[in-house]
Amino acid sequence: MNTNSEIVAVVSQGLLRAAIRHLIKTYANNADVMYISSLKNCIDGKFCPAYLILESNSIPEPVCFSLEKIRSKNKHGEILLIENNPINDAVKSFVSDVLYINDNEEIIIEKLRRFFIRIENSHTFHVDDTISDREKEIVKLVALGKTNKEISDILFISPHTVITHRKNITAKLGIKTIAGLTVYAILNNLIETDELSAE
Amino acid sequence: MNIKAGTKLSDAIHNNYLLLPILNRFGIQLGFGDITVEQICEKQEVNLKFFLEIVNSFLDKNYFPEAELQNFPLKLIVDYIKRSHVFYLDFKMPQIEQMINNLYELAPSENKKSFQLIRNFFAEYKKDLFNHIEKEEKEVHPYILKIDQAYYSNTITGDIVELVNKESISKYADDHDNVEDKLYDLKNLIIKYLPPIPDYTLSNAILFELFRLERDLNDHSRIEEKVLVPKMQAIEKQILESNEY
Ligand SMILES: [Fe+2]
Ligand SMILES: [Fe+2]
Chain A
1 MNTNSEIVAV VSQGLLRAAI RHLIKTYANN ADVMYISSLK NCIDGKFCPA
51 YLILESNSIP EPVCFSLEKI RSKNKHGEIL LIENNPINDA VKSFVSDVLY
101 INDNEEIIIE KLRRFFIRIE NSHTFHVDDT ISDREKEIVK LVALGKTNKE
151 ISDILFISPH TVITHRKNIT AKLGIKTIAG LTVYAILNNL IETDELSAE
Chain B
200 MNIKAGTKLS DAIHNNYLLL PILNRFGIQL GFGDITVEQI CEKQEVNLKF
250 FLEIVNSFLD KNYFPEAELQ NFPLKLIVDY IKRSHVFYLD FKMPQIEQMI
300 NNLYELAPSE NKKSFQLIRN FFAEYKKDLF NHIEKEEKEV HPYILKIDQA
350 YYSNTITGDI VELVNKESIS KYADDHDNVE DKLYDLKNLI IKYLPPIPDY
400 TLSNAILFEL FRLERDLNDH SRIEEKVLVP KMQAIEKQIL ESNEY
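Residue numbers (my numbering), protein chains in the order written: chain A, 1 to 199; chain B, 200 to 444.
Calculated directly from the structure, the hints in this document are not laboratory data.
Since we're looking at a predicted model, the values are computed, not measured.
We treat Cβ as the ideally placed atom computed from N, Cα and C, and that holds for glycine.
A hint or two may mislead.
Label pairs and their calculated CB-CB ranges [as the list claims (entries may be wrong)]: (1) B:A404 - A:S158: 41 to 49 Å; (2) A:E192 - B:N403: 26 to 34 Å; (3) A:P86 - B:H213: 38 to 46 Å; (4) B:L305 - A:V91: 20 to 28 Å; (5) A:G45 - B:K326: 27 to 35 Å; (6) B:N215 - A:H160: 38 to 46 Å; (7) A:V91 - B:K311: 53 to 61 Å.
Bound conformation, chain A alone:
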């Protein structure tokens, strides 16, 4: 079975399936849709589709727990929930959008369009932008084992400025040690692990 389908739908009703197929044809460039009968593989992290369309009654209870599991395995995927009744905010927070059966045609189409657009712009990974580019550069150099003196030489700034930057970095990130900054730098893709061993 192809587990890499961009779009996976967990929808049991024939009418809904047909409708979704038709809508995707129109609004998602006729992309391939894989229909599955149970959400289990998504919860286990075996399937991590870019788009997941699911009927609310396909989600094992507790609903929030299941959704959180799916989310944690599939961070960058979008989830569209098809729902009969109004849902609570907790559930809403896990999904990209909610399609209500009672929504009128226009709204449904608009929501689907937005749903499929979103992915085009969201392939970039989350980068923590609370620190400035200059500060990022410095974090990188610290993580690579450079001393304040070396950093000031490399960036053509005074050692005093380096120290000021480092103070600000520690305050912003909440990380005080070099080892901690190194982990931060790798987690946020500022440096690669092999860059580190090369030093």
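Take the given structure of chain A and dock chain B with the ligands to it, following the hints.
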């Protein structure tokens, strides 16, 4: 709540359960019924005044009777410090390490790398703490106890004076490095930067442990730096001065 001689031990714990590991350090075990602080100290042969100062200064960050604490025998203070070391190295570190390993096991495969970083970070921290404590136990404490013994038995020989000149507690104080910083970082890495795992109760449990350990270590370092060091400095000073004549 200020713990007094007549306070029931169980009330003290209900008031703040963080005291539990401190009690263990004094050899006090659970199941003590309605016993008061004074009674348990008598039973366990614990210095009541010392117990009260340690416990109350642990509970209240702003209460730190340096002068009173410095009046207690060095042996008593060092003993308490050693017991804390046992608690950190034999109990807390293996326990947290196990939890972090579990965290790694639970991490989804695409995130394993990130969790491996945390494992490495913790392993490094464990080594740091081990080295820190080893130095204290193998070098600093023996020195303190030796000087203390000579000072109070009034047997200050030329060797002792030479030792004071050579070792001096200020050297220890100067490079007594901060073992809490990395813990602080570890907390923030988990809170702010690590991807979440499905079992958030485990992440929470790890954070609870880290917060408690950090607090404990802060209290511990404070005793080392503000009680042990000044008391030793005073003794060293007297030894050196009396030797001038
Ligand atoms: Fe210590
Ligand atoms: Fe220490």
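Results for each hint:
1. The hinted range of 41 to 49 Å is satisfied by A404 of chain B and S158 of chain A, whose Cβ atoms lie roughly 45 Å apart.
2. For the pair E192 of chain A and N403 of chain B, the supplied restraint of 26 to 34 Å holds, since their beta-carbon distance comes to about 31 Å.
3. Distance hint check: the CB atoms of P86 of chain A and H213 of chain B are about 44 Å apart, consistent with the given range 38 to 46 Å.
4. For the hinted restraint 20 to 28 Å between L305 of chain B and V91 of chain A, the CB-CB distance of approximately 24 Å keeps it satisfied.
5. For the pair G45 of chain A and K326 of chain B, the supplied restraint of 27 to 35 Å holds, since their beta-carbon distance comes to about 33 Å.
6. Between N215 of chain B and H160 of chain A the Cβ separation comes to about 44 Å, which falls inside the hinted range of 38 to 46 Å.
7. For V91 of chain A and K311 of chain B, the Cβ-Cβ distance of about 29 Å falls outside the hinted range of 53 to 61 Å, so the restraint is violated.
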